[in-house]
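Knowing the structure of chain A, use the given hints to seat chain B on it.
The residues making up each chain are set out below.
Protein chains: 2
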Amino acid sequence: MQPVYMDHASATPVRKEALEAMLPYFDRKFANPSTVYDLGTDVLKDIEEHREKVAGLIGASPTEIIFTSSGAEANNYAVKGIPLAHKKKGNHVIISRIEHHSVLNAARFLERFDYEVTYLPVDEYGRVDPDRLERAIRPETVLVSIMHGNNEIGTLQPLSELAAVCKSKGVLFHSDAVATAGLIPVDVSRLEVDLLSLSAAQLRGPKGVGALYVRGNTRVMPLIHGGIQERGRRAGTENVPGIIGFGTAAELASKELRKNMDTVSTLRNELKAGLQDSISCIQFTGHPEQRLPGHLSLCIEAIEGESIIFMLSKKGIYVNTGSACASKALKTSPVLTALSIKPEIAHGSVVFTLNETNSRQDVEYAIGTLPPIVNKLRSYSPLWQEKVQAES
Amino acid sequence: MQPVYMDHASATPVRKEALEAMLPYFDRKFANPSTVYDLGTDVLKDIEEHREKVAGLIGASPTEIIFTSSGAEANNYAVKGIPLAHKKKGNHVIISRIEHHSVLNAARFLERFDYEVTYLPVDEYGRVDPDRLERAIRPETVLVSIMHGNNEIGTLQPLSELAAVCKSKGVLFHSDAVATAGLIPVDVSRLEVDLLSLSAAQLRGPKGVGALYVRGNTRVMPLIHGGIQERGRRAGTENVPGIIGFGTAAELASKELRKNMDTVSTLRNELKAGLQDSISCIQFTGHPEQRLPGHLSLCIEAIEGESIIFMLSKKGIYVNTGSACASKALKTSPVLTALSIKPEIAHGSVVFTLNETNSRQDVEYAIGTLPPIVNKLRSYSPLWQEKVQAES
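From first to last, the protein sequence lines are chains A and B. Numbered by my numbering, the letters in the first sequence go through residues 47 to 438 in order. Numbered by my numbering, the letters in the second sequence go through residues 47 to 438 in order.
This is chain A alone, in the form it adopts within the complex (with noise of 0.2 Å):
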């Protein structure tokens, strides 16, 4: 049988359309997009026309997005980016506690120039509350950046209500959205949001690309100093392949935006009624119902995370403990303990992540093979058997 891959949060493949659309801007149209002849200015208007179309995903304007490497490189141009440019302004940052490592460490880094960063708790379902974050606020305010979805949990933040905060304080508001961004309606207009993060990896589009959103003339400073690329903001010569499966992918997430989100939102429900049927003592995290469509992450008492998924990668299935960035680094996860889960519970999470790309037997298979796993590893757990023998 092919393998059920529900781990689209980790890596999605890129789809067709998109790789063909790539595939002549390896050895054909191959030119440097900023030299003067009509070879290389044919590029940058394939460029520019797959700008409007990854603009076109969250209702910005071409002129607003830039192209990074990355979810992680925009994550880290914001973070950096806006403290540095607003220096006079203050020092002070506001994230929340379930951020990405990106936007984590990058925080970090701040701190050991002399800027302040307030870490933000969330409630047990992981969001962040807009009067605790009125409260943060100071005058010497820079920055607030907090995720739009998090990619272990699936809950999605009030966000337009963090950005009306931000708003009324006149504090610029950044959100990575790199795992919303494709899955599920995302409208800078109408979030007022000033920056965004996004990633083409995310939504089928290929790795090595991502974007950050920068609304109107808000100044921020560069990440990568250099040439005239991309109105002087980000520097180097353009991964072109990349941006045009960007492009590409993020026009088809578009369009299919609506079906694809009933598809796998009705996967992932089947998929949690299934898995709550047959495992006892099973604690589903983050938001019920605020959450990323084909999302569902779980934890599962007495045994460990890392077990459950090496045993479903045996027959074939792939799912994900925690983000992949860090599920080799890191025991107990941050963002579970920042949901007050306790770690022996936090230490059995499985998070799947599907797509549109999944089907109705993927799910059915998974809960045919996850609950005769749990039993065997249970029954090799010493967590377990005590908890048994205490409740005989």
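Honestly, I wouldn't trust all of these hints.
Said to hold, decoys possible - List time: in silico EDC-like cross-link candidates among lysine to aspartate or glutamate, alpha-carbon distance up to 16 Å: (1) Lys361(B) to Glu94(A); (2) Lys215(A) to Glu157(A); (3) Lys135(A) to Asp175(A); (4) Lys388(B) to Glu350(B); (5) Lys133(B) to Asp160(A); (6) Lys360(A) to Asp84(B); (7) Lys213(B) to Asp177(B); (8) Lys134(B) to Asp92(B); (9) Lys213(A) to Glu180(A); (10) Lys215(A) to Glu180(A); (11) Lys133(A) to Asp160(B); (12) Lys75(B) to Asp92(B); (13) Lys360(B) to Asp88(A); (14) Lys301(B) to Asp175(B); (15) Lys62(A) to Asp73(B); (16) Lys135(B) to Glu98(B); (17) Lys318(B) to Glu335(B); (18) Lys301(B) to Glu63(B); (19) Lys318(B) to Glu170(B); (20) Lys75(A) to Glu94(A); (21) Lys62(B) to Asp73(A); (22) Lys135(A) to Glu94(A); (23) Lys361(A) to Asp84(B); (24) Lys360(B) to Asp84(A); (25) Lys360(A) to Asp88(B); (26) Lys301(B) to Glu402(B); (27) Lys133(A) to Glu95(A); (28) Lys301(A) to Glu63(A); (29) Lys215(A) to Glu186(A); (30) Lys134(B) to Asp160(B).
Unchecked claim - Residues from chain B that face chain A, not an exhaustive set, calculated with beta carbons under 7 Å: (31) Val82; (32) His147; (33) Asn151; (34) Lys253; (35) Gly273; (36) Ser359; (37) Gly362.
In case anyone wonders, no lab produced these hints; they're calculated from the structure. Treat the numbers as computed from the prediction; the structure is a model and nothing was measured. Ideal Cβ placement from N, Cα and C applies to all residues, glycine included.
Showing chain B alone in chain A's frame:
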């Protein structure tokens, strides 16, 4: 007739072998290399295999190679990352006046943050004098960054001597080898450089991927903070297809190096002789011998480089005037200015960069095509008319 492309310093088409090696990684071997399951660990293994190939090109150990998204990112990483990681030692940085924009503007960024930068002059051929470098080094110097080869004038620096000066003074030495790696021998063990920037696109690999070589345990502050990728030194999901393409192209470039150097230097010498014979008042720029083998740069008096390039492109010949990153931004090349070439001569700059895919026919066609273009443009040039009248 096929276009005669002689602007390989701006961009190269991806070679067949590299593109073929990349293709499976878009939609089949697509898993995230940071995941714990086999789909991901297999990809990680392939990345490491190709890291070895890139390391092999420059005589480095694979652990000393950090993949980036471009040569410009590698240059920014080194020029910002070394001073930030060695703040305690001092705040002085030395670069040459003819560095790539990504080095130059990264250094200017440092100046905004209490760093002092010395811009070393170059001789008429664009070479930095090692004695002059030695005199510029101070106790508080934390980094010297001098490029290996200049893409606008083709000149190679006396890199071993410059590196030896730095070593004797205990100062870290970075070199931008984007224009040279894969085109001439670059061996970090022999050269004794501490950091070296590379780009895949210069050696017929894909755009969107570069690398920074960092010797041993040299401390350098990451430019992109976040997850554990690249051993914690460069966050963001790896551009897997890009890395595979880079490794494949680097290995082939290494194998074919000597043969290609012979081929392209012969072609370049023929081109030079042909143009010298048929165009009056022409000045070749850069060092006559210590230069990139396929590189021919010249200034044609009394006419504009851009007009020449435009008219050549109408005849299917693609060349450049100065560096591609700057070509739309600047009127007079700062590199030619640093060589003390008068502006009225520098304006007529034309740069041919040949590679091994060029043929003798290409060269003959260029020799036949350029002189009549020069004559035509000069017939419209008031500067040329003045000169002719003054001499008659």
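What's the verdict on Lys134(B) and Asp160(B), does the C-alpha distance respect the 16 Å limit or exceed it? OK: Lys134(B) and Asp160(B) at ~13 Å, within 16 Å.
Quiz item: Should the interface hint for Ser359(B) be scored as holding, given a Cβ-Cβ cut-off of 7 Å against chain A?
Solution: Interface hint status for Ser359(B): holds (4 Å vs cutoff 7 Å).
Taking 16 Å as the top limit, are the C-alpha atoms of Lys361(A) and Asp84(B) close enough? holds, 12 Å
Please work out if Lys75(A) and Glu94(A) have their alpha carbons no farther apart than 16 Å. holds, 15 Å
| said: Hinted pair, alpha-carbon criterion (16 Å max): Lys301(B), Asp175(B). Please report holds or violated. | reply: violated, 32 Å
Are the Cα atoms of Lys215(A) and Glu180(A) separated by 16 Å or less?
OK: Lys215(A) and Glu180(A) at ~8 Å, within 16 Å.
For the pair supplied as a hint, Lys301(A) and Glu63(A), is the alpha-carbon distance within the 16 Å limit? This hinted pair holds, its Cα atoms lying about 14 Å apart.
Given the hint that Lys133(A) pairs with Asp160(B), does the C-alpha gap stay at or below 16 Å?
At roughly 14 Å apart (the allowed maximum being 16 Å), Asp160(B) and Lys133(A) satisfy the hint.
Lys75(B) paired with Asp92(B) [C-alpha distance capped at 16 Å]: Given pair Lys75(B), Asp92(B) holds - Cα atoms ~10 Å apart, limit 16 Å.
Notebook entry, point to check: If you draw a straight line from the CA of Lys360(B) to the CA of Asp88(A), is it 16 Å or shorter?
Noted result: holds, 14 Å
Review point. Lys301(B) and Glu402(B): Cα distance at most 16 Å?
Key: With Cα atoms ~13 Å apart, Lys301(B) and Glu402(B) stay inside 16 Å; holds.
Quiz prompt | Restraint outcome when Val82(B) is required to lie within 7 Å of chain A by C-beta distance | solution = Val82(B) check passes; min Cβ-Cβ to chain A is 6 Å, inside 7 Å.
Violated hints, in rising order: 1, 2, 3, 8, 14, 16, 19, 22, 27, 37; the structure is consistent with all others.
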